[in-house]
Each structure stands twice: as C-alpha cells, then as structure tokens.
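These two chains come separately, so use the hints to put the complex back together.
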Amino acid sequence: MAETASKGQEFESVLADSATEVAEFEDERTGFVYRFQNVLHQNPAIVPLIVLVAAIVIFGLLLGSKFFSPFALTLILQQVQIVGIVAAAQSLVILTAGIDLSVGAIMVLSSVVMGQFTFRYGLPPSVAVVCGLLCGTLCGFINGWLVAKVKLPPFIVTLGMWQIVLATNFLYSANETIRSQDIAETAPLLQLFGTKFKVFGAVFTVGVIFMVVLVFALAYALKHTAWGRHVYAAGDDPEAAELSGVQVDKVLISVYVLSGLICAFAGWALIGRIGSVSPTSGQLANIESITAVVIGGISLFGGRGSILGAFFGALIVGVFTLGLRLLGADAQWTFLLIGVLIIAAVAVDQWIRKVSV
Amino acid sequence: MEPILKARNLVKRFGRVTALDGADFDLRPGEILSVIGDNGAGKSVMIKALSGALQVDSGEMMLEGTPFHFHSPIDARAAGIETVYQTLAMSPALSIADNMFMGRELRRPGIRGQWFRQLDRPAMEKFARDKLTELGLLTIQNINQAVETLSGGQRQGIAVARAAAFGSKVIILDEPTAALGVKESRRVLELIADVKSRGISIVLISHNMPHVFEISDRIHIHRLGKRLTVIKPGDYSMSDAVAFMTGAKHPDQEIAA
Chain U
1 MAETASKGQE FESVLADSAT EVAEFEDERT GFVYRFQNVL HQNPAIVPLI
51 VLVAAIVIFG LLLGSKFFSP FALTLILQQV QIVGIVAAAQ SLVILTAGID
101 LSVGAIMVLS SVVMGQFTFR YGLPPSVAVV CGLLCGTLCG FINGWLVAKV
151 KLPPFIVTLG MWQIVLATNF LYSANETIRS QDIAETAPLL QLFGTKFKVF
201 GAVFTVGVIF MVVLVFALAY ALKHTAWGRH VYAAGDDPEA AELSGVQVDK
251 VLISVYVLSG LICAFAGWAL IGRIGSVSPT SGQLANIESI TAVVIGGISL
301 FGGRGSILGA FFGALIVGVF TLGLRLLGAD AQWTFLLIGV LIIAAVAVDQ
351 WIRKVSV
Chain G
1 MEPILKARNL VKRFGRVTAL DGADFDLRPG EILSVIGDNG AGKSVMIKAL
51 SGALQVDSGE MMLEGTPFHF HSPIDARAAG IETVYQTLAM SPALSIADNM
101 FMGRELRRPG IRGQWFRQLD RPAMEKFARD KLTELGLLTI QNINQAVETL
151 SGGQRQGIAV ARAAAFGSKV IILDEPTAAL GVKESRRVLE LIADVKSRGI
201 SIVLISHNMP HVFEISDRIH IHRLGKRLTV IKPGDYSMSD AVAFMTGAKH
251 PDQEIAA
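If you read the sequences in order, they're chains U and G. Residue numbers for the first sequence follow the working numbering, beginning at 1 and rising by one. Residue numbers for the second sequence follow the working numbering, beginning at 1 and rising by one.
If you're looking for bench data, these hints aren't it; they were derived computationally from the structure. Please note that the accuracy of each hint is not assured.
Heads up, simulated DSS-like pairs for lysine-lysine below, C-alpha to C-alpha not over 30 Å straight-line [claimed, not checked]:
#: 1; chain 1: U; residue 1: Lys223; chain 2: G; residue 2: Lys232
#: 2; chain 1: G; residue 1: Lys6; chain 2: G; residue 2: Lys169
#: 3; chain 1: G; residue 1: Lys226; chain 2: G; residue 2: Lys249
#: 4; chain 1: U; residue 1: Lys66; chain 2: U; residue 2: Lys223
#: 5; chain 1: G; residue 1: Lys226; chain 2: U; residue 2: Lys250
#: 6; chain 1: G; residue 1: Lys249; chain 2: G; residue 2: Lys169
Isolated chain G (complex conformation) (with noise of 0.2 Å):
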C-alpha cells in the first residue's frame, strides 16, 4: 500500500549536533502509527519537520505520492496535517474559543464579517463547546476563560480537541496524554480510534508502552537520529519493543508487513 505520508532520508543538525541522520518514516492510510525512542533520539524533530514546524536540511518527503516542503505550520494544515505540539501551542491571555479558532476564524456573514471582518464568535463558542463535550472535558466551566487559567491537563485536551477538529488526511500527536489524568487519557485514546475511523491517519509519539501496544496498528522505532524498524504489537512484547530503542537487542528485520 502507498504511504500517505513518507520520508525518506532526511537530515537535520542544530550546529555540531545532529538530529536526525538519515531518517525515513512511512505512515499507511487509516492507520494509527506510534513513534517511540529514548529521550533525544530525534522523533520531536522528525514530527516538527514533517508537520513544518522546521525544515530539513536534506532529504525527501511525500504526501500521497507528491513531493512537498512545508515553510511553515501553515502549508502543512492547508495540506491536512494537524499537529498537536508538546509545547501545546497556546496563547495564554487569549479564550478557549480564540485559540481552537487561531489562524482559521470564522467570520460574521454578511456585511459586518464582508467589511467590518467581526468575527464570528458565537459559532466559534459553540463549535468549541461542542469539540470539548465530545472530548469528555466537562470541568472548564466557561468558553471564554483564558487558557492561562485552565489546568495543563485541561490545555491538552483543548490542543487535542483543535487538532481532531480540524485534521483532514494526517493528525500528528506528540505526548498527548502526557499531561492528563486517567479518565482523560482513555477519552483521548477512544477520541483517536474515532478519527481513525474516520479515515484519517494518526501519528502518535508517546513514552506510555501500554498505550502503546493497545491502540497502535504498527510501531516505528526510533534510536540515534534514525528509524531503526517497525514492528507490530502483536509480534512483540512491550520490554523487546524498549530493548530494542534503548540498544540492548536488535531486531532481526528491518520493517513488518
């Protein structure tokens, strides 16, 4: 099957430190991808470079077959990718509704949105009211609250919730349940199944193993700048899948099926 979303060789160092060397990367329609690997072995900066958060410098990447360089976040959504960052990307002093809406809002029909461009904020609260019902976050008691006074849990899940708005082809989710409590994890996994059943493909960086194995259609190993293979859960255990991108064993094939 044709990758959605491929890479391939691609390279990227920060001065005298390399980030990635040599990295390729294959997401498959429909299908939820988990990147896991040590700590500085490069999977932000692959995902950053993928969703255009920062350019490679050298090697190729192809959504659906097309090539494409994305200069900024901005090319990568009009492409389909939504990406919920581990900074979250928030702007504190603005409202829940204005960040879910940032860069995209919805403007008033007719002459005051035509001419005086006003916004259109109660669709934007009620659209927003409704993602975050959805996604089971029913202690922010007011829309209009700034972020800044949410909990980060409750942030997290408003990254989520704009990203599983908005993705059309690819959502990129770097440590989301990193933050959360039990009960918000298990509704951010189920929200992902949801997308995916959609027909939109998921990429999830995450350190929790058992999310992992649990929801993942096929893992991609990540150690020292590069993948080093991808494995189904079924295939392996969850302590084979940490020898093998800590380097205490290596894997006998280089990709699964």
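So here's chain U without its partners, still in its complex pose (with noise of 0.2 Å):
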C-alpha cells in the first residue's frame, strides 16, 4: 500500500520536501530560577530536601553542638521513626489520590494485638506478632477492598474505619497497658525495634535503621517496577489508566493492603519506642504522617511527589520540633512554624507545576 503516500489530497504534495532532522531548540530561557524550577519539576524531593538541610544548618548555628552532634542528630531519627514509617504508608495512600485516616488506629490496634495476644492468650511473641501484622494487613484490605469495589470515597472510607478500629482497640484492650517490664521479662521480641546500638556517639534502633531500609525499598519499588508506575498511573487519571491496561482495582487494594502492613510494623515498633503496649498511644499519627506527605510534596491530587519527600518532611518536623525545644521556645511555635510549611509547601508545589504549561 506505497501508493497512499502519492495519494491524497493536493496540498499534501509538499510533504515530501519536509525536514527530517530530530528538532532542536535554543532554550532562551537560561535563567537560573527557571533551571531551578525545571530541575524540581523532575526531582520533586528536592525542595524538602533542601528545607531541611537549611533547617539542619541554622538551628546548628544556633545551638552549636547541643544541636550539631551525632547524638542530637540520631535522636531526631529516633523521634521520627513512627511517623516516618507511617508516612511512608501514608505516601503510597495518597499517591493513588486517596487518604488514609486510619493509618493510627490500625498502628495502635496492631500492637495491642501483639501485646494481648502474648499475655492473655500465652501465645509465643513470634507467633502474637505475625498476628498483629496480619491484623493490619486485614485492616488495609478491608479499606481497598470498600475503595477499589464498593467505590466509596477513601477520605469516607478511611474516617470510618479510623473510628471502627480505635473503638475496637479500645474495647478489646479493656483500655489497659501492659507494662514495660512484663514485655522485657517474658517477650522481649515485642521490644525488638527498641533495640539500641551505639556507633562514635550517634545512637541507633532497630526501628530507625527499618525506617530507613523501608523508605528506600518502597522509593525504588516506586520508581523501577511495573507496580510502581501502575501506582501513579492509577492516581494520575484512573480511567485512563485502566483503559491502558492497568488494573486499577487490583492496583488500589493492594496500596490499601500494604498500607495497613506498613502501620502494623508501625504498631510493632511503637511497642519499642514507648516499651509498652498502650492503647490510647498514638492518636496523632494520621495527622502527622498527613503533614509529612504533604511537606514532602506529594501532591493531594495523587500521581506525584516521591516517597523520598515524605521521608524528609517527617525529618523537617522532627528538626523543628527538637530545635526549638532545645533553644527553649514555647511547643506551639513548633506547630506555627508547621503550620506556615504546609502552606508554603503546596504553594511551591504549584509553582514547580507551571514548568509543564
């Protein structure tokens, strides 16, 4: 069929002529606010990245080295690690352009699961703590399942089941605490995220160095597998994606599943970082872990932003709030001060936007 070329219509005669080389374009534009803004557009972790160095480095001027020591700076780390690790669960939520609400209670639900589970029912630690790993797991799939089947709005959704779980936490806890020194007596695994180890100074945990490992597994998984992709696909335009090929469905439950995964190892490692078993610890980490995603820049409309991002939005927080109470400010210029970054962040995020219009 090399006659259609020949064919058509008269004033398609010319095309023959027409320019083959790949095109190029002198980019007036060399300013360096506009290379800035572009290289932000592709690497949108850098914004939060660079707030907190700036932050990292002011408060450091500030306090010299009450601030700027191993210790101080691995204690920030110990503070943030379960939000940091709630976040990360958060991230994947809201990347599908979803919310999760839940994402405390079902922490706080997972570990009193684990804690129960050994002391009432004298069932081995390993054992109560697979149990409470499902049970988050459990959680998040009854989320992606009302999401991606039912339909339901995620924010709906997830306010729902936030009430559902912390009620049920409470009921089945009998609203009690299981002391730190029965866990470290009869099952220390519960603690394990606890786990202290001290290198020049800077000091250490198991749940720290999870954190951390979590955050990149989750960052590459995000970036360089096909789940990855479908994960942004599904929060960028679902309708779209799903006539592409992507089982946005299957795509969404399993972010939900993984979610309340997440929040399980969450709970597991608030047991180390607090040393008991408390039901009413941890109400705020919906909220927080929201803050981090949203400093972070992840956008709230779901399909951008790098879980990287949110990594660094927690850290931010935790710099904040550690700086400030070492220079001996009242706890509410904390909140301020987040309060401003919030805003200053989804406003940086629709200016990094403008380079793709």
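The following block contains the structure:
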C-alpha cells in the first residue's frame, strides 16, 4: 500500500521535501530560576531536602554542638521513626489520590493485638507478632476493598475505619496498658525495634534502620517496577490507566493492604519506642503522617511526588521540634512553623507545576 | 469470507438514553473498515463494547468465529485487539516510554528482573524511540519527558504508535488524526496502510471524509444506534455518504459485497 503516500490531496504533495532532523531548540530561558524550576519538576523531593538541610544548618548555627552532634541528630531519627514509617504508608495511599485517616488506629490496634495475644492468651511472642501484622493487613484490605470495589471515597472509608478500629482497640484491650517491665521479662521480641546500638556517639535503633530501609525499598519499587508505575498511573488518571491496561482495582487494593501492613510494623516499632503496649498511644499519627507527606511535596491529588520527599518531610518536623525545644521556645512555635511549612509546600508545588504548562 | 470481528444485535442503554439499538458489525480479515456517523450516533460506544471498555446489555460478539465477552480492555489486548481511544488513555505525569508499555512492561533479564522485578528501561526506551521515529514524530526531543509536556498532536501520535506496535489481530482507531497536523495525519494514514500490509485488520472512526474515502476498503455507516449500511468507497460519493448518515437519503442496498 505504498501508493497511499502518492495519493491524498494536492496540498500534501510538498510533504516529500519536509525536514527530517530531530527538532532542537535554543531555550532562551537559561536563567538560574528557570533551570532550578525545571530540576525541581523532575525531582520533586529536592525542595524538602533543601528545607531539611537549611533547617539543620540554621539550628546548628544557633545551638552549636548541643544540636549539631551525632547524639542529637540521631535522637531526631529516633523521634520521627514512628511518623516516618506511617508516612511511608500514607505516601502510597496519597499517590493513588486517596487518603488514609485510619493509619494511626491500625497501628495502635496491631500493637495491642501483639501485646494481648502474648499476655492474655499466652501465645509465643513470634506468633503474636504475626497475628498483629495480619490484623493490620486485614484492616488495610477492608479499606482497599471498600475504596476499589464498592467505589466509596477514600476519605469517608478511612474516616469510618478510623473510628471502628479505634473503638475496637479500646473495647478489646479494655483500656489496659501492658507494662514495659513485663514485656522485657517475658516477651522481649515485642521490643525488638527499640534495640539500641551506638556508632561513635550516634545512637541507632532497629526501628530507625527499619524506617530507612523501608523508605528506600518503596522508593525503588515505585520508580523501577511495573507495580510502582501503575500506582502513579492509577493516581494520575484512573480511567486512562484502566483503558491502557492497568488493573486499577487490584493496584488500589494492593496499596491499602501494603499500607495496613506497614502500619502494623509501625505498631511493632511503637512498642519498641515507648516500651509498653498502650491503647491510648499514637493518636496523632494520622495527622502527623499527612503533614509529613504534604511537606514532602506529594500532591494530595495523586500521581505526583516521591516517597523520599515524605521521609524528608518527617525529618523536617523532627528537626523543628527538637531544635525549638533546645532553644527553649514554647512548643506552640513548633506547630505554628509547621503550619507555615504546610502552606509553603503546597505553594511551591503549584509553582513547580507551571513548568509543564 | 468469515469476518474476523463480528457483532450482532448489540444493545446498550445508559439510563433512559439508548446508545446502541441492535447494532451489527462486521470486520473482514485484512481490511480497513471505516465507521462514520453523526455525533451521538453511537460509534464510540460500539467501539468501546468491542474493545472491552464497556459491557453491552445484550447482543453477541465474535472474534474469528468464537464468541467472546471481554470484561476489560486487558482481555481485549490479550486477544490481540488494540485500541486508540478518543481520550488517548495516557498518564500525564509518566514518561513516553512508561506510557507505551503501560500494563505490559519489560523486565530486566536475570536476577534483577526476576527477584527485584526491575524494569528494563533501556530496552523500553529504545523500542519507544524506534516506534516514534517510524511514525515520523521527530519533534519529540526526549523519550523520558512526561506526556503532559507534549502537545495534543504529539500525544495522539504516541497513542497510535502504541497500538500499531502491539496490535496483532485488530487495531481500532477512534479519531486518530483529529488533533494532528497535515504531515502527521499523512504519516498516520501511511502507518495504517503499513499495518494493514502486515495482515492486521483495522477499524477507523473518523469525521474526515477525504481520509475515509481514500484508505477504506469498506465504510460502515452508523445512524441512531445501529448500522444503516455498509458501502464501498468506489460506489458512492462523499456527499452520498453524508446524506446517508444524516438521514437525508436512504441507501437502496443493505451491505456491500
């Protein structure tokens, strides 16, 4: 059918002489600001990284070695480990244009299951931990099934699950705390994530290492596997994703299930962090994780941002909290500055996007 | 000749709106069949039913004589039917290569692919670059740029390249040249002819009468949710076809030989 090229309409006859080289353009907008905007568009995690480094430098200058020491800096890591792990789960959900308000409740219920299964039923701690992880996974599956199959808005589903899971947590635990000494005596496995080790004055815990490994593993999966690309596609434009061959339902369910599992791990880490199993702990984890995600530059509309950004977001909050406390400022200043950061992060996000228009 | 893709008596209603009212459809092996009709005649709905994007209320469809029922576009793709939708079905924030391979990504050979499920980016990028060059989409500078940074025409070109690269039996194109320039439209028509020469059957939905009359073997005229008639481009003029699809004239024969 080569003759079709010669057919066609008269005005098309000049096409034979048309240019064939790849187009190249001199971009006259070579200013620093424009190039910076372009770099940010390609690597959205750079903004929170810059804010993080700037915050560390400023507090370091103000406080000197009190802040700028291996001990203080690793203390920040320990303080943000729970929020950091939960923010990783939250990032996955928000990348699909959803939101998970039940992360904190799932975390606490999972930790309570781990504790009560060991102490109430006398199960081996390892079995109790597996049951706790399964509990979180199941909660995540219920969220995912309601969002993907029943097509309910994620905000509503997880708002409901938040209440349901939290009430279950209080009813089941009878509002009873399991003491730290008892756990250390009979089931030290539950406190595994709190195990500390020192490297030149820097103090790390298993929970901190877990958070860092988790964030990098998820960053890899999101960028370099088909599943990760599908998470972005499903959040970006679910209809287009479905038509181009993504099973959006399965991707959504997998994301909520994984989020539930990560929250259960956060529950395990929570026992390590506070020592005891307390049904009243971790109440603010949902808001704190959303804050970290937003400061980290992940769009609440889905499909844009990187999980590293959310990690940096969690660290920024940690740096501000510790830095201001060491400066002796009222704790309300921390909240005020975090509020400013949230709004600034979204404003910067809008500015970066202009590069694509 | 037994049609490769055949549909009988398709009915689809959206609430009180009837989109398909007993529509029939026949696509013969190796032909280019154009589907024309007024806006709202139900062309796109029929195409979506054939490509698995929506489910009909009743009626039957057959691929190579075997009845089928696609639950999703993935089923249709697995059966060898590729579709270029009017909306193009692209993820704006992802790269050209990611979009071309959406749902059928290549993995690295060896441990990196099997255990770490790592995507084979170099292979995917090379393939995407080759296919776009074949289509003459030379104005695309970077295969890794996000689809949202491309013009409407470039996006359409990528959607067409994707279907042409992966279709094995039938390619359905819903308005593939609507947003394209003169040169790019011509390239798409050449590509369609080229795909046909590989033995693949093509369904083309278009409002561009010169294009339809130039490349079609047969023309399916859709009116009010059903097939009005099928004509051969040599037997009728463009104004006859327009008269049929708008109801100004009635065809004297049901289906062209």
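A quick look at each hint next to the structure:
{"no.": "1", "hint": "U:Lys223 to G:Lys232", "result": "violated, 50 Å"}
{"no.": "2", "hint": "G:Lys6 to G:Lys169", "result": "holds, 13 Å"}
{"no.": "3", "hint": "G:Lys226 to G:Lys249", "result": "holds, 16 Å"}
{"no.": "4", "hint": "U:Lys66 to U:Lys223", "result": "violated, 38 Å"}
{"no.": "5", "hint": "G:Lys226 to U:Lys250", "result": "violated, 35 Å"}
{"no.": "6", "hint": "G:Lys249 to G:Lys169", "result": "violated, 35 Å"}
Consistency note: the structure conflicts with the earlier hints numbered 1, 4, 5 and 6.
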